[in-house]
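Same order as they appear, the protein sequences are chains A and B. Here the first sequence is numbered in my numbering, starting from 1 and rising by one per residue. Here the second sequence is numbered in my numbering, starting from 276 and rising by one per residue.
Please keep in mind that the hints were generated in silico from the structure rather than gathered at the bench. There may be inaccurate statements among the hints.
As the list claims (entries may be wrong) - Derived lysine-lysine pairs resembling BS3-like cross-links, with alpha carbons at most 27 Å apart:
| id | chain 1 | residue 1 | chain 2 | residue 2 |
| --- | --- | --- | --- | --- |
| 1 | A | Lys137 | B | Lys588 |
| 2 | A | Lys137 | B | Lys316 |
| 3 | A | Lys46 | B | Lys316 |
| 4 | B | Lys333 | B | Lys588 |
| 5 | B | Lys599 | A | Lys170 |
In this text the structure is predicted, and so the values were computed from the model without any measurement.
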Amino acid sequence: MRIVVLCSSVYSETACAMAVQMAKLGHIPVGALTLPTLDRGTLLRKLGQWGARDVVHYARTKLIPQSGDGRAHANNLHLQPLLNREEGMFRSLREVASFYGFPVAVCNDQNAPGSIAQLREWSPDLIIFTGGNILRKQLLEVPRLGVLNAHLGLLPEVRGMSSPEWSLLKHIPVGVTIHYVDAGIDTGPVLRRSEFTDAARCESLSDLRNRLIAFGIEKVAEVVDGLNRGTISATPQSALDEDRQCFVMHEWLQARAAERLTTRRPAVVAETANG
Amino acid sequence: MKSSKDNVIGGEIAKALTEATGLLRRPQRVFPLVQKLVSDKVRVTFEQRHLYSYSTTKRPSGDVLNSLLRWILDAQRPNGGIPAYYSLLTGYSESYPEVTGYIVPTLYDFARAAGDDGAVVAAERATRWLLSLQMSTGAFPAGLRGESTGDEAVPSVFNTGQILQGLVRAHTETNRPEILQAAIAAGNWLIEMQQANGSWSGPAAYQNAPHTYYSMVGWALAELSERAADCHHEYSQNYGLAAEKNLDWVLAHFQPGGWVDGINLRGHPNYLHFIAYVLQGVLECGILRRRSDAIDAVAKSSWVLLRKFEAIKFLPGAFDTDFKNGERFTCLTGNAQMSCVWLRLYEVTDDLRYLNAALKMNEMLKQLIPQRARRGIVGGVSGSSPIWGRYQPLRYISWGCKFFADALLLEQRLTRSFEASVFEALPCAS
Chain A
1 MRIVVLCSSV YSETACAMAV QMAKLGHIPV GALTLPTLDR GTLLRKLGQW
51 GARDVVHYAR TKLIPQSGDG RAHANNLHLQ PLLNREEGMF RSLREVASFY
101 GFPVAVCNDQ NAPGSIAQLR EWSPDLIIFT GGNILRKQLL EVPRLGVLNA
151 HLGLLPEVRG MSSPEWSLLK HIPVGVTIHY VDAGIDTGPV LRRSEFTDAA
201 RCESLSDLRN RLIAFGIEKV AEVVDGLNRG TISATPQSAL DEDRQCFVMH
251 EWLQARAAER LTTRRPAVVA ETANG
Chain B
276 MKSSKDNVIG GEIAKALTEA TGLLRRPQRV FPLVQKLVSD KVRVTFEQRH
326 LYSYSTTKRP SGDVLNSLLR WILDAQRPNG GIPAYYSLLT GYSESYPEVT
376 GYIVPTLYDF ARAAGDDGAV VAAERATRWL LSLQMSTGAF PAGLRGESTG
426 DEAVPSVFNT GQILQGLVRA HTETNRPEIL QAAIAAGNWL IEMQQANGSW
476 SGPAAYQNAP HTYYSMVGWA LAELSERAAD CHHEYSQNYG LAAEKNLDWV
526 LAHFQPGGWV DGINLRGHPN YLHFIAYVLQ GVLECGILRR RSDAIDAVAK
576 SSWVLLRKFE AIKFLPGAFD TDFKNGERFT CLTGNAQMSC VWLRLYEVTD
626 DLRYLNAALK MNEMLKQLIP QRARRGIVGG VSGSSPIWGR YQPLRYISWG
676 CKFFADALLL EQRLTRSFEA SVFEALPCAS
């Protein structure tokens, strides 16, 4: 299976872990297409999303070698097993690419003609999207099978942004959906919907999100394996009579979602113990 | 003979000249004017809106609510009237009966939420002034009232409807019979002026034409119907029927894509303020009259605007038909009104995405309220952002303060009740 990974930065841990996972499955990517790390738009988005302190912390962990035990640590500890290697840890997609031997191309826009030409040259069966631009039709038509996305919510119930938080607030099970990307926002045919049953163990929303990312990579691997064997097929999403798209959640509602995460914890632990 | 378009343009030029000469009379206003123009230019040049622009709280809502109400209370004249605006060129305008009327419910809501007796006193003074303006027909006059406006009063349907909202609330709070009598006289006059199709047109309507944003008048009649139900049952039914007749007329103007026709203001674009008026009036009337078709129609239009807000992080100040060609400036009042509409839709439908959008909208608006400035500016809501935008340029407008205060009061009430409902839903520890 010829696989290309799309990502928003060479320092994306999700992209690194995804590429490693594919390589371990025997599908070493034929290429990776990434947006520039110091892109102004990305930087501003991250500043808005994380705040200045976390952005500085993130940059420091990526750019300055770790002290202490001498080993680097992933920001998302649940990806650590995939990112570990004998000499430390994969810190960027370039390191993964040089280890497994595949090219990394940098572009300012994944939909730009130059990017499309690069993708066509790699002639992928499958593109795995881990971050970047909203993908346009021209790009979506490049891979033979389609573009895969691991959405951090169960489709079609929760589309769009802040999906784990919306799932908690709307009392919808937390989970991951692996689907093909189409012209809409998370509206493409579904390959696998997997409920995440460990949500009650999460200490915070960011912990939940990190665990879901790792869970999603695991599920993408299963789907790629299924597609390779021809044992899995996509199902169009059910037509719903209302628009289920969600948007970036305000921090007040995020705090309420976090409360739901913590208040459900004792009940689930008790259930496990009784079971 | 001059066409109506010529009259509109002539009126606009005269208004602009009067405004411009204001600086000559009070040159000390030059500094705040230049300061605001420069700060807005800098903001427009460097501001970056992105997905997470307004997802965090930078100013507490309570502080901003207090400053909005301080703006209103500072502006109120000794006779109880509230000016329409503070202009960076000419200072405070004369009192505006329409706005004074529908600020009354906001004053009472704030007094209740903040325990501020000063707001109650202000509401009572405003009501007394309004009662002194009522015409023998029951109507209230159009335009501003003050020393320079003379005694001539032209009855206005829209202003009467907006003032009626204030009277109904004032009676609810005080139970004074003369207020209910005034409200009933106003309501009867509105019914008399209503056309057979449910609209209002003719000399007492703005530009003699029917407008869908007169749904606000329908809302006021629906409120009066509820208020009069106990003591004036025969009238109450009539007000309810008139409100629904207008509701049906307005609903016929809703298009399948959510757009609402019939705003119908010659010489003006479709400002968000008027679009939001249509939606607020229909929604509130629909809620009071238990009309799910009205609530559904508003939800559809509001969802179109919600998606636009989530995509571009503000709502354009004016639109062409079908919400196309949104203009680049923001009408802050319209944004605040949409926040109110979304909050009420959340309350009615339980769809948290409306609450989420309103919280973010309020964050955006809070960032645009001046914190340190002179009287008339501090705590005020400008007509447009940037200040030179087409809607009420270079002015801080009292109805902007009113609608944003309403949005923040609703936000406080609904977030508290959300927290209370979560608390109630938790299993009992014992």
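Okay, the hints, checked on the actual structure:
| no. | hint | verdict |
| --- | --- | --- |
| 1 | Lys137/A <-> Lys588/B | holds, 25 Å |
| 2 | Lys137/A <-> Lys316/B | violated, 38 Å |
| 3 | Lys46/A <-> Lys316/B | holds, 25 Å |
| 4 | Lys333/B <-> Lys588/B | holds, 16 Å |
| 5 | Lys599/B <-> Lys170/A | violated, 33 Å |
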